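S.K.: Letter by letter, the chains look like this.
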Amino acid sequence: MARKIARAPLDYLNMPAMKAWLAGVFIFLYTPLMILILFSFNDSKANVVWKGFTLKWYVKAFENTQLREALFNSLLIAGVCTVISVVLGALMAFVFWRFKFPFKGPLESGMNLPIVVPEICFGVAVLMFFAKIGFPNDLPYPFNLTQIILAHVTFAFPFVAIVVRARLESFNPELEAAALDLGASRHQAFRDVIIPHMKPGLIAGGLLAFTLSLDDFVITFFASGPGTITFPVKVYSMVRFSVTPEVNAASTIIILITVLATVLALRAQSATTKES
Amino acid sequence: MQDWREDKTFFRATIALPVIWFMIFFVVPMAMVWAYSVGENVGPVDVAITGTFSNYAKAFSPEVLKVMWNSVWLALATTVICLIVAFPVALAMTFADEKQKTWLLLLIMLPFWTNLLIRTYALIAVMRNSGVINSGLEGLHNLLGVFGMQMGVFEPLPLLYNKFAVVVGLVYVHLPFMVLPLYAALDRLDKSLIEASLDLGAGHLETIRRVIAPLATPGIAAGLVITFIPALGAYLTPDLLGGPDDLMIASLIERQFKRANDWPFGAALSFILMYITLIFFAIRAFMERKGGKVGAH
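Protein chains in written order, with our numbering: chain A, 1 to 276; chain B, 277 to 573.
Source of the hints: derived by calculation from the structure; they are not laboratory data. None of these values were measured; they are calculated from a predicted model. Each residue gets a CB set at the ideal place from its N, CA and C atoms; glycine is no exception. Please note that the accuracy of each hint is not assured.
[Unchecked claim] When the alpha-carbon atoms are kept at most 16 angstroms apart in a straight line, the in silico EDC-like pairs for lysine to aspartate or glutamate are as follows:
| no. | chain 1 | residue 1 | chain 2 | residue 2 |
| --- | --- | --- | --- | --- |
| 1 | B | K375 | A | D11 |
| 2 | B | K534 | B | D515 |
| 3 | B | K377 | A | D11 |
| 4 | A | K100 | B | E282 |
| 5 | B | K439 | B | D515 |
| 6 | A | K104 | B | D373 |
| 7 | B | K467 | A | E176 |
| 8 | B | K334 | B | D521 |
| 9 | B | K342 | B | D521 |
| 10 | B | K334 | B | E316 |
| 11 | A | K100 | B | D463 |
| 12 | B | K375 | B | D463 |
| 13 | A | K60 | A | D43 |
| 14 | A | K19 | B | D279 |
| 15 | A | K100 | B | D373 |
| 16 | B | K439 | B | D521 |
| 17 | A | K60 | A | D11 |
| 18 | B | K467 | B | D373 |
| 19 | A | K132 | B | D283 |
[Claimed, not checked] In silico negatives: residues of chain B with every beta carbon more than 10 angstroms from chain A:
| no. | residue |
| --- | --- |
| 20 | L416 |
| 21 | N418 |
| 22 | A489 |
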């Protein structure tokens, strides 16, 4: 006879049914990704049966000039987008946290719209915008990525603002008052007191902007001029034709970068909550 | 909180950049789409803004309505499945200890941070005819054949390029959207109410139905909206996992801009999707205010 293990009534996590449910959910979420990673090391083109360990698909992915270019473009776009988004997001968070001004509520809701608007709507808007203002389509590399960067920053910086704003809530205004009392100017106090306090928020927000940019397909698809290719756009065209281990290898690299960014972002964020 | 007039220069210096950026790269493009949605094609590339509603009227033609109905139906199915799958997860997270909470959150969030295209591609690799599921089934089928059962020729399950695949893909992608607001709402519940309900003899399911669910309504509403809206506007998932009959509204919009080259009609469709989004978020904001600020974000 199985002995019933004593369990608090609200200890849902230890209910066998709940454990099974959670296991099911995580199997559903992770099996496809695990299989994708596993088969990037599989010595078989067919992608179904395990034929032995190999790194040749990684070599192939790196030898694929277009894929490499696409990957590099995506990282470059994400990098530039992160820097601009962090600056804009931090300023936005600061202004709404600090000041009272007319039309503040509507403006704040409006500036959060890029977060809720369906990607496809913003995508076509960007396409139309760049077509109508006659944005040059034939700029030399890397300036032909400008449209994509501008579009990515527009939807990424409100996300940064949310993260930074959460961080600012834990700021003790007396610190700034003390800095001002001690003779610092407003700008000095902002630079030397408030920005250092924002820092974990800036890091977490920056990593969020980086992943959002790296992840984006729809808006890039509409914003990119002819001839510019990013990683998601390239994978999209490859997936349309067939499933190849080469795509698995390239995807695994991206997953690795994302996991790393996520872990770093969570670290930064947990530092935020611990201090406050 | 400081009044902006107390320090005008500093206020202007900090607000200028984000607002200007937002105006140029968001408001102006969206306004252009809106203007186009009431415009007419007057040449291969020229569009006159005439204030017509014909583009919106076109959206009520049977073919377009079919796509809209399709989108709503698929997004709704996705949302309901997400709610059923996510609720126990959120409940388990609520009552887990701190360390388990962090891990569960991380496990839910990691796929969410992974590239959407990669996740869709991973699903294709699992679900296609020569994918892992069908190969496994084929192996099982052959094995049973070896043991002398009459099995006939193996037919792979048609898992891809149909509505089933689209819903699986949408659930796969949107599950975290549901878990997080539910968790945020459940985490704020007064746990003694649940204990009281259990003490007084209600079972777990009855407690969920009559105590937890009513109290978590704003969170559930938030989860429903946050899941339904992106699922409704999803482009990549139906495009890659669906068949030709499973077109959703986003693909239809994309066609007007790329292949069909009917920008005013595409703009109208895009704004219909925008209006639906805004209405849902307005309802959610209203409920949140009524429910005393319980919910996500």
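S.K.: Decide, hint by hint, whether the structure agrees.
M.R.: Hint by hint, here is what the structure shows:
{"no.": "1", "hint": "B:K375 / A:D11", "verdict": "14 angstroms, holds"}
{"no.": "2", "hint": "B:K534 / B:D515", "verdict": "14 angstroms, holds"}
{"no.": "3", "hint": "B:K377 / A:D11", "verdict": "13 angstroms, holds"}
{"no.": "4", "hint": "A:K100 / B:E282", "verdict": "10 angstroms, holds"}
{"no.": "5", "hint": "B:K439 / B:D515", "verdict": "11 angstroms, holds"}
{"no.": "6", "hint": "A:K104 / B:D373", "verdict": "39 angstroms, violated"}
{"no.": "7", "hint": "B:K467 / A:E176", "verdict": "39 angstroms, violated"}
{"no.": "8", "hint": "B:K334 / B:D521", "verdict": "20 angstroms, violated"}
{"no.": "9", "hint": "B:K342 / B:D521", "verdict": "10 angstroms, holds"}
{"no.": "10", "hint": "B:K334 / B:E316", "verdict": "12 angstroms, holds"}
{"no.": "11", "hint": "A:K100 / B:D463", "verdict": "32 angstroms, violated"}
{"no.": "12", "hint": "B:K375 / B:D463", "verdict": "15 angstroms, holds"}
{"no.": "13", "hint": "A:K60 / A:D43", "verdict": "12 angstroms, holds"}
{"no.": "14", "hint": "A:K19 / B:D279", "verdict": "53 angstroms, violated"}
{"no.": "15", "hint": "A:K100 / B:D373", "verdict": "40 angstroms, violated"}
{"no.": "16", "hint": "B:K439 / B:D521", "verdict": "9 angstroms, holds"}
{"no.": "17", "hint": "A:K60 / A:D11", "verdict": "50 angstroms, violated"}
{"no.": "18", "hint": "B:K467 / B:D373", "verdict": "14 angstroms, holds"}
{"no.": "19", "hint": "A:K132 / B:D283", "verdict": "39 angstroms, violated"}
{"no.": "20", "hint": "L416", "verdict": "14 angstroms, holds"}
{"no.": "21", "hint": "N418", "verdict": "13 angstroms, holds"}
{"no.": "22", "hint": "A489", "verdict": "15 angstroms, holds"}
Checked against the numbered hints listed earlier, the structure breaks hints 6, 7, 8, 11, 14, 15, 17, 19; every other hint is satisfied.
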